[in-house]
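Undergrad: Work out the full structure: start from the sequences and follow the hints.
So the sequences go chain by chain: E and A. For the first sequence, the tail end lands on 132 under this note's numbering, and the numbers increase by one without skipping. For the second sequence, the tail end lands on 522 under this note's numbering, and the numbers increase by one without skipping.
What the hints contain is simulated information worked out from the structure, not anything from laboratory work. Among the hints, a few may not be true.
Simulated restraints, written as ranges between beta carbons of each label pair [as the list claims (entries may be wrong)]: (1) A/GLY246 x E/VAL92: 38 to 44 angstroms; (2) A/GLN72 x E/PRO111: 25 to 31 angstroms; (3) A/ALA431 x E/ALA119: 40 to 46 angstroms; (4) E/ARG36 x A/PRO309: 38 to 44 angstroms; (5) A/GLY246 x E/PRO108: 16 to 22 angstroms; (6) A/ARG85 x E/ALA119: 40 to 46 angstroms; (7) A/SER328 x E/PRO108: 41 to 47 angstroms; (8) E/PRO108 x A/LEU100: 31 to 37 angstroms.
Where a beta carbon is used, it is the ideal one built from N, C-alpha and C, also for glycine.
Residues per chain, in single letters:
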Amino acid sequence: MIELVSTSRCTECGLCVRVCPTNVFDDHDGLPVIARQHDCQTCYICEVYCPVDALYVAPYGDQAVTVDEDALAADGTLGSWRAAIGWGRKRVTLAALDTTPFIDRILPSQPALPAEEIAFILAAPAKEPAEA
Amino acid sequence: MRDEAELRLQADVLVIGGGPAGAWAAWNAARAGARVVLAEKGYLGSSGATAPGGTNLLYLPPDAALREAAVQQRMEGGGQLSEARWIHRVLDQVYESLQLVEAWGYPFRRDEHGVPLRDHLQGPEYLKLMRKAVHRAGVRILDQSPALELLVDEHGVGGARGLSRLDGRRWEVRAGAVVIATGGCAFLSKGLGCNVLTGEGLLMAAETGAELSGMEFSRAYAPSAAFGTNTRGRTLGWASYYDQHGKVLHAGGPRSRDFLAKALLQGPVYAVLDKADTPEKRAILRRAHAIFFLPLERAGIDPFTQPFPLTLRYEGTLRGTGGLRLTSDDCATSVPGLYAAGDAATRERVCGGLSGGGAYNASWAICSGSWAGHGAALHALDAPRERRLRPAGGAGLRPVQGSAPIDSAALVAAVQSQVLPLEINYFRSEAGLRQALGAVDALWPEAGGLPDTRTPQAALRAREAAAMVAASRWIFNAALGRKETRASHTLAEYPELDPAQRHRLIVSGLERIALRTEPVPA
Ligand SMILES: Cc1cc2nc3c(=O)[nH]c(=O)nc-3n(C[C@H](O)[C@H](O)[C@H](O)COP(=O)(O)OP(=O)(O)OC[C@H]3O[C@@H](n4cnc5c(N)ncnc54)[C@H](O)[C@@H]3O)c2cc1C
Ligand code: SF4
Ligand code: SF4
Numbered sequence: 001m002i003e004l005v006s007t008s009r010c011t012e013c014g015l016c017v018r019v020c021p022t023n024v025f026d027d028h029d030g031l032p033v034i035a036r037q038h039d040c041q042t043c044y045i046c047e048v049y050c051p052v053d054a055l056y057v058a059p060y061g062d063q064a065v066t067v068d069e070d071a072l073a074a075d076g077t078l079g080s081w082r083a084a085i086g087w088g089r090k091r092v093t094l095a096a097l098d099t100t101p102f103i104d105r106i107l108p109s110q111p112a113l114p115a116e117e118i119a120f121i122l123a124a125p126a127k128e129p130a131e132a
Numbered sequence: 001m002r003d004e005a006e007l008r009l010q011a012d013v014l015v016i017g018g019g020p021a022g023a024w025a026a027w028n029a030a031r032a033g034a035r036v037v038l039a040e041k042g043y044l045g046s047s048g049a050t051a052p053g054g055t056n057l058l059y060l061p062p063d064a065a066l067r068e069a070a071v072q073q074r075m076e077g078g079g080q081l082s083e084a085r086w087i088h089r090v091l092d093q094v095y096e097s098l099q100l101v102e103a104w105g106y107p108f109r110r111d112e113h114g115v116p117l118r119d120h121l122q123g124p125e126y127l128k129l130m131r132k133a134v135h136r137a138g139v140r141i142l143d144q145s146p147a148l149e150l151l152v153d154e155h156g157v158g159g160a161r162g163l164s165r166l167d168g169r170r171w172e173v174r175a176g177a178v179v180i181a182t183g184g185c186a187f188l189s190k191g192l193g194c195n196v197l198t199g200e201g202l203l204m205a206a207e208t209g210a211e212l213s214g215m216e217f218s219r220a221y222a223p224s225a226a227f228g229t230n231t232r233g234r235t236l237g238w239a240s241y242y243d244q245h246g247k248v249l250h251a252g253g254p255r256s257r258d259f260l261a262k263a264l265l266q267g268p269v270y271a272v273l274d275k276a277d278t279p280e281k282r283a284i285l286r287r288a289h290a291i292f293f294l295p296l297e298r299a300g301i302d303p304f305t306q307p308f309p310l311t312l313r314y315e316g317t318l319r320g321t322g323g324l325r326l327t328s329d330d331c332a333t334s335v336p337g338l339y340a341a342g343d344a345a346t347r348e349r350v351c352g353g354l355s356g357g358g359a360y361n362a363s364w365a366i367c368s369g370s371w372a373g374h375g376a377a378l379h380a381l382d383a384p385r386e387r388r389l390r391p392a393g394g395a396g397l398r399p400v401q402g403s404a405p406i407d408s409a410a411l412v413a414a415v416q417s418q419v420l421p422l423e424i425n426y427f428r429s430e431a432g433l434r435q436a437l438g439a440v441d442a443l444w445p446e447a448g449g450l451p452d453t454r455t456p457q458a459a460l461r462a463r464e465a466a467a468m469v470a471a472s473r474w475i476f477n478a479a480l481g482r483k484e485t486r487a488s489h490t491l492a493e494y495p496e497l498d499p500a501q502r503h504r505l506i507v508s509g510l511e512r513i514a515l516r517t518e519p520v521p522a
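TA: Below, the structure is given as C-alpha cells:
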C-alpha cells in the first residue's frame with residue numbers, strides 16, 4: 001500500500017491525485033494527502049507518474065507498515081519504479097527494452113541460447129523511435 | 001448530495017470506462033465524426049487491468065495458414081462455443097490497430113530480421129499513448145468521474161449520470177449512444193489494477209434490460225505473492241514449488257491446471273524461480289515482466305534463490321469470458337443505443353468458455369472497442385433529437401422506500417465470502433453453488449437500501465457493492481445452469497462435457513433472474 005508522500009520532495013503538481021485509480025489521495029491546498037490508504041490497490045502507478053520521486057508504495061497489499069524516508073532515499077528505492085519504467089528525462093522506456101517477445105526462447109525446456117542471441121535480446125535500441 | 005447534475009454535456013457518443021476498450025471505442029467514434037465524451041472512474045492512462053503491468057496480444061501476420069491454425073486451436077480450447085468468423089475478424093482488426101499504435105510512437109521490439117514483434121504491450125506506455133491519441137481526436141475526457149446509472153426512454157439508452165470523486169459534483173451526459181467499457185468484475189480481490197473493476201457497467205446495463213452471456217465462465221484465479229497484489233504470473237513458468245518444510249511439490253515444467261488451487265488447500269505454497277538459472281535468463285525475465293519482481297524485491301526477497309509464499313486471487317469475470325450479450329458485428333447489446341466492449345462484453349464469440357493463455361482479451365479489447373465505437377457513432381447519427389430520458393438506476397443508488405441504510409463494507413465482505421473461496425467457486429459443486437447462491441440472493445434486498453451519500457467515495461462504494469451482489473447472482477445462476485464440465489467451467493457432479501449443452505447461457509434481470517439458452521451460430 002501507499003506509505004509515503006515526501007513533503008520535502010513534492011512540488012504539488014497534483015498528478016497523483018488525478019491518476020490514482022482508486023482515489024486514495026485528497027488534495028489539501030495542493031499537497032496530496034493519503035486519505036484512504038485501505039482503498040489502495042498496490043498498483044504502483046502513482047510512483048510512475050510522480051515527476052520528483054516523492055511517493056513510495058510498500059509491497060504489502062493488506063498490511064500497513066512504517067517506512068523510513070531517509071533510508072528509502074539513501075538506497076535508491078524512491079523513484080526506482082519510475083526509473084524501471086523508463087519515464088523521465090534521458091531514460092529509455094521499458095517498452096523499448098521489452099524482452100517479452102523473446103521469453104519463449106528461454107523456456108526451461110529450451111536448449112541454452114548462443115551468446116549473440118542473448119546479446120541481441122538484451123540490447124538497448126540505438127535511440128528511441130521518434131513520436132509520430 | 002443533490003440529484004440535480006452540476007455538469008451537463010451533450011454528445012453523440014458517451015464511452016463509460018477508459019481502459020483499452022474504452023480508449024479504442026472513443027478514438028473510433030471520434031474518427032467516425034461523432035462528438036465523444038469518455039467518463040472514467042479513475043484516469044485514462046493509469047486505470048484498469050492493463051495499465052500497471054501490460055498484456056500479451058494475440059497478433060499474427062496475415063498468413064492464412066498461421067491464422068487458420070490459431071482459429072482451430074481457440075475453437076477447441078473454448079469448448080466449441082466460439083465462432084471462427086469472429087476470431088478471424090479479431091486477427092484482421094488487431095493487425096491494423098497495432099500498426100496504428102506503432103505509428104503513434106510505441107517502440108515495438110524487432111526480431112533479428114527487423115520484423116516488428118507486436119505481441120506485447122507494456123501497460124503504462126501503451127495507455128499513455130492511447131490517452132494522447134484519444135485527446136488529439138477531440139474526445140472530452142472526464143477523469144475521476146465514475147458513471148452510476150444510464151438514462152433511458154422508449155428509444156433506448158440516451159446517456160448516463162455519475163459523479164466526480166474529486167469534488168462530489170454530479171454530471172450528466174446525454175448522448176445518442178453509449179458504450180459500456182467498464183471492464184470485468186473482480187470483486188475487490190486486489191489483483192493487479194483490478195480494484196476499480198466492480199461491475200457497475202453490467203448493473204447499469206441490466207437495469208435497462210440488457211442481457212448477459214457466459215457468466216458461468218468466471219472461474220479464473222491468478223497467482224500472486226501471498227502478501228502482494230501482482231497477478232501477472234507468466235514468470236512462474238520458471239519456478240519450482242515447495243511446501244513450508246521445503247519439500248518439492250512441483251519441480252518445474254508445466255503445472256496441471258488444478259495444481260496451485262489443490263496445493264493451497266493443503267497448506268502454504270512457496271515458489272523459487274530456480275529454472276532461470278543464468279544471469280542472462282534472469283535479465284531477460286526482469287525486462288519482460290518487471291512488475292513481477294517489484295514487490296518481491298521491495299520485500300527483500302531474491303526470487304531466483306529465495307522462496308516466496310503464493311496465494312490465488314479471484315478474477316471474477318475478468319479473465320473469464322462472460323459479460324454483456326452482443327447482438328451484432330458492431331457490438332450492440334440487446335438494448336438499442338447501448339454497446340459493449342472489452343471485458344464488460346461477453347468474449348465468447350472469440351474465446352468460447354476459456355480466456356487467459358492465448359492472450360485474446362487484450363486483442364479483443366482493441367477490436368471490440370473499435371467496432372463498438374464505430375457502431376455507436378453510426379447509431380447516434382440516426383438517434384432522435386427529442387428525448388424524454390429518465391434515470392434507470394436502482395440498487396445502491398435509489399433506495400426502496402423506507403429501507404435501512406446500506407453497510408457497504410459489510411455487504412462487500414458478505415459477497416466476497418461467497419465468491420472468493422476456492423472451495424466454492426473453483427472446486428464447484430451443485431450443492432456448494434446452491435448454498436452460495438442462496439447467500440448472495442439474500443443480500444440483494446440489503447443492496448437496495450439507503451446509500452450513504454455524505455462523500456462521493458461512500459456513494460460510489462454503495463453502488464459498487466450493489467453491482468458486486470448482482471454479478472455474483474448472475475455468476476452462480478449461470479454456473480448452476482450449465483450441468484456439465486466445459487472449457488473453464490466445472491461441476492463436480494457433472495465431470496464430463498455434454499455434447500447436448502453446446503449452447504450459450506443467457507442471464508438477465510435483477511429482482512428475478514431469468515436463464516435461457518442460445519445456440520452457437522455455425
Ligand atoms: C495482471 C493481469 C494480466 C493480464 N495479462 C493479459 C495478457 O497477457 N493478455 C491478455 O490478452 N489479457 C491480459 N489481461 C486481461 C486484460 O488486461 C484485459 O482484458 C483488458 O485490460 C480489458 O480492457 P478493458 O478496457 O475492457 O478493461 P480495463 O482495462 O479493466 O478498463 C476498465 C476501465 O473501466 C473503468 N470503470 C469501471 N467502472 C466504471 C464506472 N462505473 N464508470 C467509469 N469507469 C469505470 C475502470 O476504472 C477501468 O479503467 C490481464 C489482466 C490482468 C489483471
Ligand atoms: S499504488 Fe495505485 S492505488 Fe495505491 S496510491 Fe498509488 S496509484 Fe493509488
Ligand atoms: S505526483 Fe509527486 S509531485 Fe505531484 S503532487 Fe503527487 S507527490 Fe507531489
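Undergrad: So, for every hint listed, does it hold in this structure?
TA: Do the hints match the structure? See the list:
no.	hint	verdict
1	A/GLY246 x E/VAL92: 38 to 44 angstroms	holds, 40 angstroms
2	A/GLN72 x E/PRO111: 25 to 31 angstroms	holds, 29 angstroms
3	A/ALA431 x E/ALA119: 40 to 46 angstroms	violated, 58 angstroms
4	E/ARG36 x A/PRO309: 38 to 44 angstroms	violated, 27 angstroms
5	A/GLY246 x E/PRO108: 16 to 22 angstroms	holds, 20 angstroms
6	A/ARG85 x E/ALA119: 40 to 46 angstroms	holds, 44 angstroms
7	A/SER328 x E/PRO108: 41 to 47 angstroms	holds, 45 angstroms
8	E/PRO108 x A/LEU100: 31 to 37 angstroms	holds, 36 angstroms
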